[in-house]
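Asks: Sequence:
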Amino acid sequence: MNAIFGGEDYSKGMRKWIADYYQNRPGLEVLQERIDEFITDLHEVKKEQEKKAKEALAAEDGWTVVVLTKAGKKDYGF
Numbered sequence: 001m002n003a004i005f006g007g008e009d010y011s012k013g014m015r016k017w018i019a020d021y022y023q024n025r026p027g028l029e030v031l032q033e034r035i036d037e038f039i040t041d042l043h044e045v046k047k048e049q050e051k052k053a054k055e056a057l058a059a060e061d062g063w064t065v066v067v068l069t070k071a072g073k074k075d076y077g078f
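Per the UniProt record's numbering, the sequence shown starts with residue 1, numbered consecutively.
Don't read these hints as lab results, they were simulated from the structure. Any given hint could turn out to be false.
[As the list claims (entries may be wrong)] Calculated pairs, BS3-like style, for lysine-lysine (alpha carbon to alpha carbon, straight line, at most 27 Å):
1. K70 to K47
2. K54 to K70
3. K52 to K70
Let the sequences and hints guide you as you build the complete structure.
Replies: Dropping the structure here:
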């Protein structure tokens, strides 16, 4: 890497190391995308674990609770 920026030589020594260091760092947008993706994945995993824990608890007990939802409830006008 034989680069000269702004009249200074960044091709050797400490200046080269610093230039390489900053050049290899991701920008703030990339960092924020990675953080958001990690948090989303973590949230999905946590939901899945909670679901499995509830299923295991229901299977362990021997009883399954069935909850009637409004979507399944029909009013026939009787």
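Asks: Evaluate each hint against the coordinates.
Replies: Right, here's what the structure says about each hint:
no., hint, result
1, K70 to K47, "holds, 24 Å"
2, K54 to K70, "holds, 22 Å"
3, K52 to K70, "holds, 25 Å"
Violated hints are absent here; each numbered hint is respected by the structure.
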